[in-house]
Amino acid sequence: MMLLGSINVAVHIVSFLYNVLPSQSVDVNIAAILPANDSRMFSMHHVSPAIEYAIEKLNRDTDLLEGHSLSVAYRDSKCSISHGINQAINFYIEQKVNVFFGPVCDYSVAPVARQSVFWNVPVISVGAMARDFSTEKKEMYTLLTRVGPVNFRSLSSFIVETLRYHRLSVLKILYDKDGQGNIIEGFCTLASIAIHYDIKEFHKEIAQDHFRLDQIADLSKMLIKEVGLDNPGHLPSRLKDTSETAPRLAK
1 MMLLGSINVA
11 VHIVSFLYNV
21 LPSQSVDVNI
31 AAILPANDSR
41 MFSMHHVSPA
51 IEYAIEKLNR
61 DTDLLEGHSL
71 SVAYRDSKCS
81 ISHGINQAIN
91 FYIEQKVNVF
101 FGPVCDYSVA
111 PVARQSVFWN
121 VPVISVGAMA
131 RDFSTEKKEM
141 YTLLTRVGPV
151 NFRSLSSFIV
161 ETLRYHRLSV
171 LKILYDKDGQ
181 GNIIEGFCTL
191 ASIAIHYDIK
201 EFHKEIAQDH
211 FRLDQIADLS
221 KMLIKEVGLD
231 NPGHLPSRLK
241 DTSETAPRLA
251 K
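At position 74 of the sequence shown (counting the first as 1) the number is 74 in UniProt numbering, and the numbers step up by one without a gap.
These are calculated hints, taken from the structure and not from any lab test.
Careful, some of the hints might be misleading.
With a Cα cut of at most 25 Å, we get these calculated BS3-like pairs of lysine-lysine [said to hold, decoys possible]:
1) K138 / K172
2) K204 / K172
3) K177 / K78
4) K138 / K200
5) K221 / K137
6) K177 / K200
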């Protein structure tokens, strides 16, 4: 697992060197902004061995790096919208960054990726899974490269293909705004938004409802009432579509 991760890291480091850095020898400062909390999938403790193993191998390969040398410094994003950008600003002010690795959590990486355009510093993230990072790539996130294996747009594509395979044309999205928060903050909210808007934009033949489950909701009664066998093949009009008021990444 660590070897695979280090190979991926090495590939992206080399790609960055060849496309961004000048031909003369320079010291490359990698600013890794990652959560310190090990309950997070891409915490410092989980990710740093792969990064450092890749850097060690690349630094030994003088032909590949052509005189460049790599170093990495870590700071805690706390998966926070404020801490992530604060750490990025500190790295930039201290002139200790040529490329950002992270942040990973969506609400943390969004402001860093927007600001990095003005600093001309690329951002590489295994997170940034929200739909906004795809749809607003050219306008807001031009220096962001997402290297994660999946994102929420690939999730919506999978769901659409599943619906088509089973010849289903009605979808009801129920989500808990705090669901799966141990992965990233707002995981279920961001996932449901991506599914809803992708289907709304590209697959209008699929009718859907999109609403949030409150903590006091009786899920079993709701499923019987809205998704039970008495409601096949049609879209109930009594439920309010909350897609227009669904939260997006802060701008």
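Hints, verified against the model:
Restraint check for K138 and K172: not satisfied, since their Cα atoms lie roughly 31 Å apart, outside the 25 Å limit. Note on K204 and K172: the hinted pairing holds, with a Cα-Cα distance of about 14 Å set against a maximum of 25 Å. Under the criterion of a C-alpha separation no larger than 25 Å, the hint pairing K177 with K78 is consistent with the structure, at around 19 Å. Only pairs whose Cα atoms come within 25 Å are accepted, and K138 paired with K200 is accepted, the gap being roughly 22 Å.
Restraint check for K221 and K137: the C-alpha separation of about 41 Å exceeds 25 Å, so the hint is violated. The hinted pair formed by K177 and K200 meets the criterion: a straight-line CA distance of about 20 Å does not exceed 25 Å.
Checked against the numbered hints listed earlier, the structure breaks hints 1, 5; every other hint is satisfied.
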